[in-house]
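On the provided structure of chain Z, position chain X as indicated by the hints.
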Amino acid sequence: MAVLTPSSVLRRRRNTIRATDNRWSQLRHRFDLSGTPYLYIAPFFVAFGVFGLFPLLYTGWMAITQWNRDIPGSEHTFVGLGNFARLVHDDYFWNALRNTAAIGVLGTVPQLLLAMWIAHLLQRKMRGRTLLRMGVLLPNITSVAAVGLIFAQLFGRDLGLINWGLSLVGIDKVDWQSGTWQSWVALGVILTWRWTGYNSLIYLAALQAVSDDLYEAADLDGASQFQKFRTITVPALRPTIIFSVIMSTIGTIQLFTEPLMFNPGMSPTGGDSRQFQTLAMYVYEQFWTHGKYSYAATVSWAMFMIIVLAVGANYLLSRRIRSSS
Amino acid sequence: MTLIPVSRAMTGGRRPGQRAAAPAQRRAGTRTYVLLGIIAAVSAFPLYWSLVAASNDNSAAGSWPPKLLPGTHLWANLQQAYTQANFGLALLNSIIVATLITVCVVLTSTLAGFAFAKLRFRGSNALLGILLVTMMVPAQLGIIPLYIMMSQWLGWTGHLQAVIVPAATSAFGVFLVRQYLSDALPTALLEAGRMDGCSTHRLYWHVVLPAARPVAAVLALFTFMNAWNDFFWPLLALGQGNPTTQVALSTLAGGYYMDYSLVLAGTLISTAPVLLVFLFLGKQIIGGIMQGAVKA
Numbered sequence: 001m002a003v004l005t006p007s008s009v010l011r012r013r014r015n016t017i018r019a020t021d022n023r024w025s026q027l028r029h030r031f032d033l034s035g036t037p038y039l040y041i042a043p044f045f046v047a048f049g050v051f052g053l054f055p056l057l058y059t060g061w062m063a064i065t066q067w068n069r070d071i072p073g074s075e076h077t078f079v080g081l082g083n084f085a086r087l088v089h090d091d092y093f094w095n096a097l098r099n100t101a102a103i104g105v106l107g108t109v110p111q112l113l114l115a116m117w118i119a120h121l122l123q124r125k126m127r128g129r130t131l132l133r134m135g136v137l138l139p140n141i142t143s144v145a146a147v148g149l150i151f152a153q154l155f156g157r158d159l160g161l162i163n164w165g166l167s168l169v170g171i172d173k174v175d176w177q178s179g180t181w182q183s184w185v186a187l188g189v190i191l192t193w194r195w196t197g198y199n200s201l202i203y204l205a206a207l208q209a210v211s212d213d214l215y216e217a218a219d220l221d222g223a224s225q226f227q228k229f230r231t232i233t234v235p236a237l238r239p240t241i242i243f244s245v246i247m248s249t250i251g252t253i254q255l256f257t258e259p260l261m262f263n264p265g266m267s268p269t270g271g272d273s274r275q276f277q278t279l280a281m282y283v284y285e286q287f288w289t290h291g292k293y294s295y296a297a298t299v300s301w302a303m304f305m306i307i308v309l310a311v312g313a314n315y316l317l318s319r320r321i322r323s324s325s
Numbered sequence: 001m002t003l004i005p006v007s008r009a010m011t012g013g014r015r016p017g018q019r020a021a022a023p024a025q026r027r028a029g030t031r032t033y034v035l036l037g038i039i040a041a042v043s044a045f046p047l048y049w050s051l052v053a054a055s056n057d058n059s060a061a062g063s064w065p066p067k068l069l070p071g072t073h074l075w076a077n078l079q080q081a082y083t084q085a086n087f088g089l090a091l092l093n094s095i096i097v098a099t100l101i102t103v104c105v106v107l108t109s110t111l112a113g114f115a116f117a118k119l120r121f122r123g124s125n126a127l128l129g130i131l132l133v134t135m136m137v138p139a140q141l142g143i144i145p146l147y148i149m150m151s152q153w154l155g156w157t158g159h160l161q162a163v164i165v166p167a168a169t170s171a172f173g174v175f176l177v178r179q180y181l182s183d184a185l186p187t188a189l190l191e192a193g194r195m196d197g198c199s200t201h202r203l204y205w206h207v208v209l210p211a212a213r214p215v216a217a218v219l220a221l222f223t224f225m226n227a228w229n230d231f232f233w234p235l236l237a238l239g240q241g242n243p244t245t246q247v248a249l250s251t252l253a254g255g256y257y258m259d260y261s262l263v264l265a266g267t268l269i270s271t272a273p274v275l276l277v278f279l280f281l282g283k284q285i286i287g288g289i290m291q292g293a294v295k296a
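Each protein sequence line maps, in turn, to chains Z and X. At position 131 of the first sequence the residue is numbered 131 (the UniProt record's numbering), and the sequence of numbers has no breaks. At position 140 of the second sequence the residue is numbered 140 (the UniProt record's numbering), and the sequence of numbers has no breaks.
For reference, chain Z alone in the conformation it holds in the complex (with noise of 0.2 Å):
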């Protein structure tokens, strides 16, 4: 159906429509420009927010109370510092935290020297060299949950294949579960059978860096291999290795599959004296076992200031290093 307009109104109407749209479209033009960085950040944020630092800060709040899974109404009973005060007086508690700064030392030393050693060896050119470093990774893509049930066979004390080994040179069978620096050597060497490749890697692409005329240089000098190592690849990796050392304490303090998954029967207890019992399995012995919540929320507070104090030892000892260098 056609209906006539004048054209005078027609034109005006057309006017304020252009005007509209314009205006719309700034409006959304400068959203655009303000806006959407926000939108875009926020999935982040908001996740984080829900699931990372709430719980987080919940900890400390749980830490406060006396909440008890088979206590109703327990979370509202506060107790203020006295989960701390009986944390201080808790064996159970030291021994974790003995357990885990031994498996930690004997598991991360050896490793990162190890790497290090890696890493020279694997930046040489060479033939087959991705298959080399897959070779060398392989141990680190495979599921923790899996290196800690097939280790916990190779340990076996009767019948692994380690004390097998150990047989053929004369050495008596030793008890890998049962015995207490045992077990912790056995960890500390699942733990370096995992991460040396992932590290020499690390340490590689550092490396990479290094100018190929010092190795020549020194080749003229006729420094033997472990010279050249030691003057020149471990002070080209010094920030790398403060970096790794960072990462490997705030790793093992955590430690948790490997150790439950070495115990036969996955008890959380961490052998039967508890000799490799870590702090994060004394958590979720509290926690899921007793359905102690406040006081496995306190131990986990306690972790969280153990890897303040160890990154931030760390850190001031590197920069003493570094300084005095």
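I should point out that these hints are in silico values taken from the structure, not numbers from a laboratory. A few of these clues could be false.
According to the in silico footprint, chain X covers these stretches of chain Z (three or more CB under 8 Å from chain X) [to be verified]:
| # | region |
| --- | --- |
| 1 | 30 to 41 |
| 2 | 45 to 52 |
| 3 | 89 to 101 |
| 4 | 112 to 123 |
| 5 | 257 to 269 |
Simulated pairs of lysine to any residue, SDA-like, Cα-Cα distance not exceeding 20 Å [as the list claims (entries may be wrong)]:
| # | chain 1 | residue 1 | chain 2 | residue 2 |
| --- | --- | --- | --- | --- |
| 6 | Z | Lys173 | X | Ser63 |
| 7 | X | Lys67 | Z | Val169 |
| 8 | Z | Lys173 | X | Trp64 |
| 9 | Z | Lys228 | Z | Asp213 |
| 10 | Z | Lys173 | X | Lys283 |
| 11 | X | Lys283 | Z | Asp213 |
So, partial list: chain X residues that the calculated Cβ filter (under 8 Å) puts toward chain Z [claimed, not checked]:
| # | residue |
| --- | --- |
| 12 | Gln80 |
| 13 | Thr134 |
| 14 | Leu264 |
For glycine and all other residues, C-beta sits at the position ideal for the given N, C-alpha and C.
For chain X alone, kept in the frame of chain Z given last:
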């Protein structure tokens, strides 16, 4: 699960995506080959040995000296482990969980990484600082409230979203993409897009995402493998009723009597998918670690 970045300073100031100017590297001697060969063999041995144990029957686990060669029971053990630990459901769950986490992490990381690298907005530096701090805080420390949240407030325990949603973003991923785009995406390209009247959304879709493809691929690989291998949280949040592969594996080992060849057949099942990925994309994975570095 935490992901760890290695800043560029630590990878020798090399930009991601930029090839190392390969200097005339020294050639490796025989000794180097032998040493590296031994190291690779030690690295692979436990996996080989689990294949040996999984292919013999359980009586072989009691033999002394231990068997070192594969036997003939592999298929039977795999089948039995598969049914006994409910691996059918577990594998399906793991595929769903790992895939969805990967898609979400890549999407949210490229969005936020783009914003931090190329968009100007108030507070961006402070927010980036917060992001960097969050990377250092291990999520495991908040695991108890997270469990309470899932079980008592949301009622998600036993459902896959309990594992997917908390892992759907990654501070590390945002940072990785930001570092990459800061260097690899020319601002002039974005400005040209703006001149042509592109909205930010269109820029993201048509310019940023294609440019971010290399870093997104590396991020996807690592996110997938980490999600696949994650154990602690799925154990709490899903339990044995609706397990992921790693949780199902732990049921095989949970009893006091353990059938070793079954347990090790289980480790093969749970590792095989990631091993396959590694076999085909190993080079990219190694490149990823060396460029911007990642870790579980």
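Each hint tested on the structure:
1. Under a criterion of three residues with beta carbons nearer than 8 Å to beta carbons of chain X, the stated coverage of the region 30 to 41 of chain Z is upheld, 8 such residues being counted.
2. Remark: the region 45 to 52 of chain Z is confirmed as covered by chain X, as 5 of its residues place a Cβ nearer than 8 Å to a Cβ of that chain, reaching the required three.
3. For the region 89 to 101 of chain Z, the stated coverage by chain X is violated: 0 residues have a C-beta nearer than 8 Å to a C-beta of that chain, whereas at least 3 were required.
4. Closer than 8 Å: that is the beta-carbon criterion, and the region 112 to 123 of chain Z has 4 residues meeting it against chain X, so the requirement of 3 holds.
5. Only residues whose C-beta sits within less than 8 Å of a C-beta in chain X count toward coverage, and the region 257 to 269 of chain Z has 5 of them, enough to reach three; the restraint holds.
6. The suggested pairing of Lys173 of chain Z with Ser63 of chain X holds, with an alpha-carbon distance near 15 Å, which does not exceed 20 Å.
7. For the hint linking Lys67 of chain X to Val169 of chain Z, the alpha-carbon distance of about 18 Å falls within 20 Å, and the restraint holds.
8. Annotation: proposed proximity of Lys173 of chain Z to Trp64 of chain X holds, straight-line Cα distance about 13 Å (limit 20 Å).
9. Only pairs whose Cα atoms come within 20 Å are accepted, and Lys228 of chain Z paired with Asp213 of chain Z is accepted, the gap being roughly 12 Å.
10. Of the pairs offered as hints, the one joining Lys173 of chain Z and Lys283 of chain X is violated, with about 41 Å between alpha carbons and a cut-off of 20 Å exceeded.
11. Distance hint between Lys283 of chain X and Asp213 of chain Z is unfulfilled; the C-alpha atoms sit about 28 Å from each other, more than 20 Å.
12. At a threshold of 8 Å, the smallest CB-CB gap from Gln80 of chain X to chain Z is about 16 Å, leaving the interface hint violated.
13. A distance limit of 8 Å between C-beta atoms decides the matter here; for Thr134 of chain X the minimum to chain Z is near 6 Å, and the interface restraint holds.
14. Hint status for Leu264 of chain X relative to chain Z: holds, with the closest Cβ pair at about 7 Å, below 8 Å.
Violated hints for the displayed structure, listed by number in ascending order: 3, 10, 11 and 12.
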